[in-house]
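K.L.:
At position 332 of the sequence shown the residue is numbered 332 (my numbering), and the sequence of numbers has no breaks.
Hints listed in this document are in silico derivations from the structure and should not be mistaken for laboratory results.
Heads up, the beta-carbon is just placed ideally off N, CA and C, and yes, glycines get one too.
Heads up, some of the hints might be wrong.
The calculated label-pair distances, taken between Cβ atoms and stated as ranges, are [unchecked claim]: (1) Q209 <-> S273: 36 to 42 angstroms; (2) L151 <-> Q77: 40 to 46 angstroms; (3) P299 <-> V158: 29 to 35 angstroms; (4) T124 <-> S56: 19 to 25 angstroms; (5) V108 <-> A130: 15 to 21 angstroms; (6) D274 <-> I93: 47 to 53 angstroms; (7) V235 <-> Q77: 20 to 26 angstroms; (8) V297 <-> S273: 20 to 26 angstroms; (9) P37 <-> L151: 22 to 28 angstroms; (10) T124 <-> D96: 20 to 26 angstroms; (11) A175 <-> G149: 29 to 35 angstroms.
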Amino acid sequence: MVSRHLILIAVLSLWCGELFAQPRPSNPEAGPVYLDPADADEDFAVQGEYVGWQRSGRSYRRVRRAGLQVIALGEGQFSATGYRGGLPGDGWIGGDRQLFDGARAGEVVELTGDGYQLVADGQTARMTDANGETAGEYQKVHRVSPTLGALPPPGAVVLFRGEDIGQFERAAVTADGLLQSGTQTTHAFGSFRMHAEFLLPYKPQGRGQDRGNSGFYLQGRYEVQVLDTFGLEGVENHCGALYKTRRPDVNMCFPPLSWQTYDIDFTPARFDSDGNKVSDMRISVWHNGVPIHANAVIPNKTGAGLPEGPNPLPMKLQDHSNPVMYRNIWLIDRSSAPSLGD
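Start from the sequences and build out the full structure, keeping to the hints where you can.
P.N.:
See below:
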């Protein structure tokens, strides 16, 4: 038992050392990073979500609702994803997505794919077929999470709401009251229901894990990924995933510089008095109000998380050299004791 505690202390020391180290400089090859839409490049105005209609086949009698996500890739390059039925979480029927690639052409963006051409100007988008006939029309929309700005109920533990940073260790707050990544809670929590809001930077030339990367490390063990994967498939290391363990049921990532929400229902793994695990961690996550994990069973720690154990640990907001911002974080603590089995 002593050796187990010593190992845990050593691991915690290494983890905290990494957590509180000076943030690593951003990758210079990843291009500019924007935190305010007013400062963003001209491509930012075209990036975003569009909703409208799309013709099915050549007949206008077979018109259906459709969604479109346009993604800025830097220096005038773009991709786009089309969804039959509407946007993810708002009508998309699932199945194959339409994929487009293209570039800026003067005041508009032209993209091609799946036998169609798209032209988007930041307010509207128009799809044409190989004969130049209109196959779809879209209007830009700006979705807002239905839980954005949710107030903590009586008895909730308020972790951060713009002023008091006493619930986080070595926290850094911007001039406009936003919590920066690279901190952890001062207290440990077992089972809880949490609300949190985050803002991804606009980093058009960033790719993969270098595009607005952070994460909620629940108990320091299980990471719910935070990443700009707007318009992508939504796999095991994308936004909303239990990192490298379980992909979200739907990719609900909004465009960067849009405030987003996680509502997380967390039940830790349980252990008997001898330290043997008797049940796995369970988690439900709503991303921007849409369920992406429903009482999912997670069999082990994720990624670089700490080893599982009966003792509750603090929650970490991962620093991954990207300026991800947080606000309005609170939770309902549903357990005040270690997660021991009966």
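K.L.:
All the hints need checking, so say for each whether the structure fits it.
P.N.:
Against the structure, the hints:
1. Q209 <-> S273: 36 to 42 angstroms: holds (40 angstroms)
2. L151 <-> Q77: 40 to 46 angstroms: Between L151 and Q77, where Cβ atoms are some 41 angstroms apart, the hint holds.
3. P299 <-> V158: 29 to 35 angstroms: holds (32 angstroms)
4. T124 <-> S56: 19 to 25 angstroms: holds (21 angstroms)
5. V108 <-> A130: 15 to 21 angstroms: 19 angstroms Cβ-Cβ, so the 15 to 21 angstroms window holds.
6. D274 <-> I93: 47 to 53 angstroms: holds (49 angstroms)
7. V235 <-> Q77: 20 to 26 angstroms: holds (22 angstroms)
8. V297 <-> S273: 20 to 26 angstroms: About 23 angstroms separates the Cβ atoms of V297 and S273, which means 20 to 26 angstroms holds.
9. P37 <-> L151: 22 to 28 angstroms: holds (26 angstroms)
10. T124 <-> D96: 20 to 26 angstroms: Since the Cβ atoms of T124 and D96 sit about 24 angstroms apart, the hinted range of 20 to 26 angstroms holds.
11. A175 <-> G149: 29 to 35 angstroms: Violated, since A175 and G149 (Cβ atoms, about 21 angstroms apart) do not stay within the stated range.
Going through the hint list in order, the structure does not satisfy hint 11, though it satisfies all others.
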